[in-house]
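Protein chains in written order, with the working numbering: chain A, 1 to 816; chain B, 1001 to 1109.
What the hints contain is simulated information worked out from the structure, not anything from laboratory work.
Only true hints are included.
DSSO-like cross-link-like pairs, simulated, lysine-lysine; straight-line CA separation at most 27 Å: (1) 1081/B / 524/A; (2) 194/A / 147/A; (3) 673/A / 752/A; (4) 383/A / 452/A; (5) 560/A / 1081/B; (6) 431/A / 452/A; (7) 1026/B / 799/A; (8) 801/A / 1026/B; (9) 249/A / 78/A; (10) 524/A / 56/A; (11) 147/A / 203/A; (12) 774/A / 500/A; (13) 502/A / 486/A; (14) 622/A / 663/A; (15) 1081/B / 439/A; (16) 502/A / 517/A; (17) 502/A / 772/A; (18) 71/A / 5/A; (19) 517/A / 1081/B; (20) 486/A / 1081/B; (21) 752/A / 774/A; (22) 4/A / 71/A; (23) 1081/B / 71/A; (24) 755/A / 56/A; (25) 524/A / 486/A; (26) 104/A / 71/A; (27) 383/A / 431/A; (28) 589/A / 1026/B; (29) 1081/B / 452/A; (30) 78/A / 5/A; (31) 309/A / 249/A; (32) 71/A / 81/A; (33) 560/A / 1026/B.
All values reported here derive from a predicted model rather than from experimental measurement.
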Amino acid sequence: MNRKKLVVIGNGMAPGRMLEHLFENAPDAYDVTIFNAEPRVNYDRIMLSPVLSGEKTFEDIVIHGDGWYVKHGVMLYKGHKVVEIDREARTVRSEHGEVASYDKLVIATGSAPFIIPVPGKDLPGVLTYRDLDDVDAMLLAAQARGKAVVIGGGLLGLEAAAGLKERGMDVTVLHLMPTLMERQLDPAAGYLLKRELENRGIKVVTKANTKQIVGDGRVEGVELEDGTIIPASLVVMAVGIRPNAALAKEAGLAVNRGIVVSAGMQTSDPDIYSVGECAEVDGKVYGLVAPLYQMAEVAAGHLAGDTAKQFVDRATPTRLKVTGIDLYSAGDFAEGDDREEIVLRDATAGVYRRLVLRDNRIIGTVLYGDAGDGPWFFDMLKKETDIAEMRDTLIFGQAYQGGDPLDPTAAVAALPDDAEICGCNGVCKGKIVSTITQKGLTSLDDVRAHTKASNSCGTCTGLVEQLMTLTLGDSYNPAAVQPMCKCTDLGHDDVRRLIKAKGLKTIPAVMQELEWKTSCGCAKCRPALNYYLVCDWPDEYADDYQSRFINERVHANIQKDGTYSVVPRMWGGVTSSAELRAIADVVDKFEIPTVKVTGGQRIDMLGIRKEDLPAVWADLGKAGFVSGQAYAKGLRTVKTCVGSDWCRFGTQDSTGLGIRIEKFMWGSWTPAKVKMAVSGCPRNCAEATCKDVGVVCVDSGFEIHFAGAAGLDIKGTEVLGMVKTEDEALEHIVALTQMYREQGRYLERIYKWAKRIGYDEVRRQIMDDADKRKAYFDRFVFSQNFAQVDPWSERVSGKDKHEFNPMATVTLEAAE
Amino acid sequence: MNALMQNWVAIGSLNDIPRRGARCVKNGEMTIAVFRTADDQVFALEDKCPHRNGPLSQGIVHDGCVTCPLHNWVISLETGKAQGADEGSTASFPVRLDGDTVLLAIGIK
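The whole structure should be built from the sequences, with the hints applied where relevant.
Below you can see the structure in the form of structure tokens.
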């Protein structure tokens, strides 16, 4: 099939959604190339506020991971800004000189934040709020816990202000108009919102006209028209956005405020389309996600040959994504002669509801404090329902219609099938219910994966859960313990408890006694059970290698091309010329393509063929190396600094202690990987305060730390306590690790486990209760009898030979 | 016999393959993974996940499926099809037991 070439400029939510529709309806029509000025994949921009406030991480808000682009054969240029469109040659060119030709082109350059043209706007410390880089810059600034000024009291500005406050900054919001969010709220709701923000310690100044941003070399404050100066080390401008239409304009396309497109999203050049915030339809540009997704659907239709699809301007409700503030507005709520209104206020509960009516139909609504009825009002607004009959009770919401108050589930049950549940993704009730039934979905994640409902901003999660309860009955219980996997209804903690209580010592015994629903488990529960049994019955349980992930089965790390990497132990990060020479010889002999120093102070050899692993290990073993277990849910590295041996600041022998800990604890299996470090003084060169377990040496002894993280999450450690001698330090660290080994859920790192059971509880058992500590220590030592066997030398002497060689090599003879 | 003919090749004994595990068979450029389930059924798939070509032979075998070691796609041993919400398929080959001997069929044009 002859595929056409589609080039997309921009990788935001609108083009991402457009491509999803296109791949669904015409998967083979185009070879797709995307140029993204941001150096990353498509993520959910609406969710930047929860990332700023710390409720979510960037990984949580990725819409299309790298795998999606590979799966659909999309060529994605990350960090490539397109600088020229040549309509004659039908090519685009990026800043880095990459040229791509197109049959169809989609411009989705989005928008840029509007910068108010005041003196000082270019000072370092003045930011906008638009993409992840802005969030990262704000988070960096927030670390100093200084003062921040947010200019702009609209949706984005208030979300930024709440997030920065959450991060510990002293925040002032400046807003030009008399009330906050005046485009979405009436003055009464704006007042309630202002009061709520002030209760949270955010200062709000309305009618504030910024004169200039002051500072010498970097931001020091904001000066208002009336001469007031508000000190600030960070200024965030969130006063609005402007369509990015410059590229289209230079290419000679019709441009007004945005790139002018037809209702079919076509620009003035029929082979070029535009979607997203940069596109202008019928004189209007859009910033909320629902209309942008509608544009995406229309453009995808046209690209696939369905020219019937047309963009239609629809009312879109607004919600503020600040935790604890429930606010909803939709439609037109200005006052007027032909309009009536119904208002409900409950001052103590902080509730305000207003409906604007014309001819007995709802044309606008503002809800504050309890916005649960928003979708119901909005549904009637869209359908222009005549509300004359329920007018007296209308303002109380759906639950009060028809006599007795209904419970929330009944209210959802009463919604018609075409009622929109998820506004971001335009998913209606009927679609969710039918997908749950047809595909047999039982978890919220499944429903999100299949319907996209509650997959963007998440405010409709409650409604989706109620629909699940409605459809699945009591079998869906969102508050229930999360089961280990679909093979059982039991959670990890119950399984661990029952393994001990019932004395279950094999995987089949666990599955039989705990009534597993599958015959031999799955790739989620088997590795977990194997770990629990290894940990609980170290002398009796025979490790089941077929229930271990490949890395732990072959004692090396699988790479994306099916080759492996090998990391030998380098005790405490200390090595010698003989060791380095042996590594160099191995690298030469096996033609190992990449050699790299790891973050844990050792050397990684990458790109080794599986068949070669035993021979590589044999050579490394001759030089005295053992496995570094860089692949294991177990003790990985103990990073050290040079300590009192060399360093003029060193207070203790940190290198020696690190090596001692590593030699004592290597080989132990743990729920998730464990990385440690020992620093010789509080300057902390070994970075011990972001490790699972760390030691900071001081003159008077050893400060033991735990529960740090520096991966998906970043978290400084908690202090476990101070001890005076190396022996005590070792005993405390070993006991702490054993406590984690016995209580942690499989794949749960120490920082998550410790947070779950409480830091004080850990301190109580390890620091204060000497008997408990000793018992943990003894159990660890006992289990090490069975764990401290070098897996590499075992395999060099022939164990698990089958893992490393093909079973047969077929040579076909010519068939007659 | 000049159309598609199947050629049964003995590739070894059932006991060469661990239960709930796999071994590889090299066939020219292609690697075929031969799986043995908990109840001693055998299956053969090309050793390539439809997602990103992960070596399926290295995955965890459970209930007639294998979970790819790279990104946890679950592939049916019988059909080679991806399970759950993922879509894709890997080639499967006929395989049978004659006593303890595992026989693999490779099509020859």
